[in-house]
Amino acid sequence: MKMKKMNKKAISFAVGMVLLAIAITVFAFYMVFFVSNERIKDIVTPLDLINIQNDAREDVFFIKESANYASQRAVYSVLNEIPMKSSSPYKKYQDIDIWNDCEPDIKKVEEKFLDEFSQEFYSLIKSSDKDIIKNLDGKYVFSLNNNILKLQSGQELEYHTLLEIHAVYKTSVSFEKELPFSLNILSDIHTRSKNAVNTCKDDFDCITEKMNSDDLDDFDFEFTKNGDYIIFTARTKDRFFFNDGTLKYDKISFDYAISLT
Amino acid sequence: MKLNKKAIIGSGLATVWAIVVIAIILAIFFLLSAVILPFKKTSENVIVTDKFTLIENSESVIALLNTLFEISLNGETVKVPLKDIFILYDNNLVSNLDMENIKPQIKTSLEKAYGSCYAIKYEGTNIFEDNWQTSAYAEKWQQQGEITLTEINLISGKFSFRNLFDTCMIKNRNIENCKMACLII
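Same order as they appear, the protein sequences are chains A and B.
Be aware that the first sequence starts at 1, since it is given in this note's numbering, and climbs by one per residue.
Be aware that the second sequence starts at 262, since it is given in this note's numbering, and climbs by one per residue.
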C-alpha cells in the first residue's frame with residue numbers, strides 16, 4: 001500500500017509536469033498567433049513616419065508659400081501708399097507727394113506691412129483644403145527686423161497615427177522669411193533724393209550718380225523735371241505678385257516729387 | 262526500504278519522462294516558430310515593399326517646384342520658379358508664345374533628372390496639352406499602378422508628380438539599371 005501510494009505521488013507529479021508543459025505550449029502558440037499579430041499593427045514603422053513627414057513637409061510648404069505671396073502683396077500695398085511722418089496733410093504736386101517737408105514713417109510703414117501681410121496670409125491659409133492648416137488662423141505673431149519677417153506660431157502641426165497605440169508627430173510652423181529689401185530703404189531713398197536735388201538741381205546725370213549706390217541697389221530710378229519739381233520714379237528690380245484690381249506679376253514703382261526751390 | 266527504493270526510482274523515471282515530454286514539446290514549438298516566423302517576416306517585408314513604392318517624395322517635388330526657369334516677360338528675360346509659372350499661366354500673365362518656350366525647358370530639366378520615368382500634372386490649367394505629361398514607359402507602369410504619386414497643394418492649384426525612377430531604385434536598387442531603364446544619359 002505504501003509503495004502504491006509513493007508511485008501515485010510520482011505519477012501525479014509527472015502528470016502535473018506534462019500538463020504544465022502543455023499549458024505553457026498552448027500559451028506560447030496563443031502569443032505567437034494572436035498577440036504578436038496585434039503587436040505588429042501597433043508598431044509605428046519607419047514608413048508610417050516617412051509618410052507623416054511627407055504630409056508635414058507639404059503642409060509647411062503651403063504655409064511658407066502663403067507667407068511668400070502675402071509678403072509680396074503687402075510690399076505692393078506699402079509702396080502704393082507710403083505712410084509719411086506728418087501731423088498735417090503734406091503737400092502734393094499733381095497728385096504726387098512732395099517729399100521736401102515730409103518723410104516716410106518707417107514705424108508706420110512696418111505696421112502697415114504687418115497688417116496687410118497678416119490679412120493676406122490668413123486669407124491664403126484659410127483657402128487651404130486642409131483643416132490642420134486652416135486651424136492656424138490667428139495663431140501667429142508677426143514681427144519685422146530689417147528685411148527679416150519672423151512668423152512665430154503658438155501652435156505646432158500635429159499628425160496622429162491611425163494605430164491602436166497612439167503616436168503623435170509634431171512639426172514647428174514658426175519660421176523666418178527674408179524680404180527682397182528692408183522697408184528702412186524708404187528712409188534712405190528720401191534722404192538720398194533730397195540731397196541729390198540739393199546738390200545737383202536738375203542735372204540728371206549728377207542725380208543718377210548720387211542715387212546709384214549699393215544701399216539703394218534694389219531700386220532703379222528715373223527722373224523728369226516738371227515745373228519747379230524733379231519727379232522721381234522708384235522701381236523695384238524684383239518682380240512681385242500683386243493685385244491692383246487685376247493680378248499682376250511686375251515691378252512695383254512709386255512716384256515722389258522734390259522741389260528745386 | 263526496498264519498496265521505498267522502487268518508489269524513488271519510479272518517481273525519478275516519471276520525472277525524466279516528464280522532462281523528455283516537455284523537451285519534445287518545446288522542440289516542436291521552436292521548430293514551428295522557426296518555420297512560421299520567417300513567413301511572418303516575409304509577408305511583412307512584402308507589405309513594406311509595396312507601401313514603399315507608394316511613398317511620396319515631397320522633398321524632391323518641392324525642389325522641382327522651386328527650380329528656376331528662364332522666361333521672357335515684357336521683353337525681359339527673368340528667372341521664375343516653376344510654381345510661379347503655373348500662376349502666371351493660369352492668370353494669363355504670360356503669353357502663349359512664351360509658354361511654348363517654357364515647356365521644352367521644363368521637359369529638358371525633368372528628363373535630365375528622371376529620363377522618361379516621370380509624369381506631371383497641374384490641376385487648374387492645361388499648361389501641358391494632354392494635362393498629363395507622360396512617357397510611354399511611365400505610362401506602362403502607371404497602368405500597373407506602381408508609380409509613386411506625390412501631390413502638392415499650391416496656392417493656385419494641385420500639382421501632381423509621378424516618379425518612376427525612385428520606384429525603380431526601390432525595386433532594383435541598382436542606379437545603372439534604373440538609369441538605363443529610364444533612358445537617363
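Misleading hints may appear alongside valid ones.
[To be verified] Calculated pairs, SDA-like style, for lysine to any residue (alpha carbon to alpha carbon, straight line, at most 20 Å): (1) A:248 <-> B:432; (2) A:64 <-> B:265; (3) B:419 <-> A:9; (4) A:251 <-> B:432; (5) A:248 <-> B:340; (6) B:432 <-> A:51; (7) A:9 <-> B:281; (8) A:248 <-> B:337; (9) A:9 <-> B:352.
[What the hints assert, rightly or not] Over the 12 Å line for every Cβ pair with chain A, so calculated as not near, a few chain B residues: (10) 267; (11) 276; (12) 280; (13) 283; (14) 328; (15) 335; (16) 412; (17) 416.
Since the hints were made in silico from the structure, they are not lab data.
Quantities reported herein were computed from a predicted structural model and do not represent experimental measurements.
Quick reminder that beta carbons are idealized off the backbone N, C-alpha and C, glycines included.
**Q.** Those earlier numbered hints the structure runs against, lowest number first
**A.** 1, 2, 3, 4, 9, 10, 11, 12, 13, 15, 16, 17
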